[in-house]
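These protein sequence lines map, in sequence, to chains A and B.
Just so we're aligned, residue 1 is where the first sequence starts under the working numbering, counting upward by one.
Just so we're aligned, residue 1 is where the second sequence starts under the working numbering, counting upward by one.
Misleading hints may appear alongside valid ones.
Heads up, simulated BS3-like pairs for lysine-lysine below, C-alpha to C-alpha not over 27 Å straight-line [claimed, not checked]:
hint	chain 1	residue 1	chain 2	residue 2
1	A	Lys32	B	Lys315
2	A	Lys79	B	Lys316
3	B	Lys293	B	Lys309
4	A	Lys5	B	Lys309
5	B	Lys69	A	Lys79
6	B	Lys82	B	Lys69
7	B	Lys82	A	Lys32
If you want the footprint, here are the derived chain B segments under chain A, 3+ residues with CB under 8 Å [unchecked claim]:
hint	region
8	133-140
9	297-303
For the record, the hints were derived by calculation from the structure and aren't laboratory data.
Every residue, glycine too, gets a C-beta built ideally from N, C-alpha and C.
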Amino acid sequence: MKSEKNRALRWAYGVTIAVMAFTGFGQMPIFKRYGISAIPGMAWSADFYVTLFIHYLGAVLLSGLLAYAIADHALMRRKFARITAAGYVRAAILACIVGTGIFRVLKNLPDVDFSPAFTKFVDISHLGFMMAYGAAALLFWRLRARWITERVTARN
Amino acid sequence: MSQNLSRRSFLKGTLAAAGILGASAIPAQARSGQIKEMATLIDIQKCIGCEACVEACREANQSKFPRPKKPFPKMIPTSKVKVSDWSGKKDVTNRLTPYNWVFIQEAKVEVNGKQQTFTFPRRCMHCQNPPCANLCPWGAAGKGENGITLINPELCLGGSKCQAVCPWAIPQRQTGVGPYLDLMPSFAGNGVMYKCDRCFNRIKEGKVPACVEACPENVQKIGPREEVVKEAHAIASKIGGYIYGEKENGGTNTIYVSPVPFDLLEKSMKTGPGRPHLKAVANSMGQAENMGKAMLVAPLAGIAAAVGKFYGFTKKLHQSQEDNR
């Protein structure tokens, strides 16, 4: 039952990240140019307001899931599991994605204007961190390196 | 000039931007309490359609107009990516183009059984929360503290997203110019987007925009938004008129006052590419603004779920310990 719940959470995280990556790339005007939106059922992907809405929805879900995972680890899981080096690398990149994403959300609010230099940095680095995360996820999947590992000493 | 921008300087600029991150990560309004959001007032009943504003704009902004390199790079896929070339049609003044940032729109309407022609300048509305600037994926567009929405030609790749998200489809593209030529010209980008920058350089020098200054009928005025809105309402109540731009798209910095309803003008004028409409416009960024707030609640829900799980677990543990005693 417990592992099923964890599996559901892992799936929820994976699907959220995949949808956010797709809708995030959709913020660039490439889906129409490269025919993605011409695929039957994919016309919505060329509507920037639709992809933005889905990206925001994903961000709401992701922030809830990450807060749950961090709090759960701090309260319970750290007693019998520790974060691996691969986990720390992914967590650090994820923190950068979330951080720059927060600034993107702030920028979209009325009365919040950042300098052109900072705006450029946030926009490009958000995409750069996502690409770095994709590369890291692929590498660690290939190496079968997990986020966490069981603490041997915790077993008595 | 944008034509000379190399891949190296583009990347260097991005890294430099990262360096000055600290100082600039402060909301503009917090950075300077002195600069006020400025708006323009356009009193339609005064306009005689002489195009003095159009001429003045072209003259003042001549140096900012595109100088495309030809032949244009081959676009991939050719069937989907269209060349936007206005370099041979620089004299077009009856619509917005990369070489014409303001034009005179005309509407023939019947008022009290009498045919009347209204003319009025049209250009970028300079929204208070501009979707073009918010949603540009490269940070090439931005809104200044003084209410000006600006596209940086040295960063813009000409993807035309700003035009797609603008409720009035204002920005206009010129192919063969800008940084995309030095990146992957065949695969990404297609030029630079151009639109009214409300003469930001003249404003910096303490002058007013060229179109405002050149008008012989004083159709346009520029001032702090609050005052402009107040004046627009005063004129509207005096003439029994109507206001456009105050609330459209969540509020803009271009306020029109008309003696006839705007939907009447809208029905009787030519609209289409480069010729914006005068329809009511809901706040394009409204959904993002509301969902931004939901993002504050979501982590709290996540933490509450984890705390609930922890509480349930410890309760169960205590119970089993008590049962064991």
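Taking the hints in turn, this is what the structure says about them:
With a C-alpha separation of about 55 Å, the suggested pairing of Lys32 (chain A) with Lys315 (chain B) is violated against the 27 Å cut-off. Our distance criterion of 27 Å between C-alpha atoms is met by Lys79 (chain A) and Lys316 (chain B), whose separation comes to about 17 Å. About 26 Å separates the Cα atoms of Lys293 (chain B) and Lys309 (chain B), which keeps this hinted pair within 27 Å; it holds. Restraint check for Lys5 (chain A) and Lys309 (chain B): the C-alpha separation of about 12 Å stays at or below 27 Å, so the hint holds.
Distance restraint check for Lys69 (chain B) and Lys79 (chain A): the Cα-Cα separation of roughly 64 Å exceeds the 27 Å cut-off, and the hinted pair is therefore not satisfied. Taken as a hint, the Lys82 (chain B) and Lys69 (chain B) pair is honoured in the structure, with Cα atoms around 16 Å apart against an allowance of 27 Å. A distance of roughly 12 Å separates the Cα atoms of Lys82 (chain B) and Lys32 (chain A); the hinted pair therefore holds under the 27 Å criterion. Residues of the region 133-140 of chain B with a Cβ under 8 Å from some Cβ of chain A number 7, which satisfies the need for three, so the listed coverage holds.
Coverage of the region 297-303 of chain B by chain A holds in this model, with 6 residues showing a Cβ closer than 8 Å to a Cβ of that chain against a need of three.
The structure shown violates the earlier hints numbered 1 and 5.
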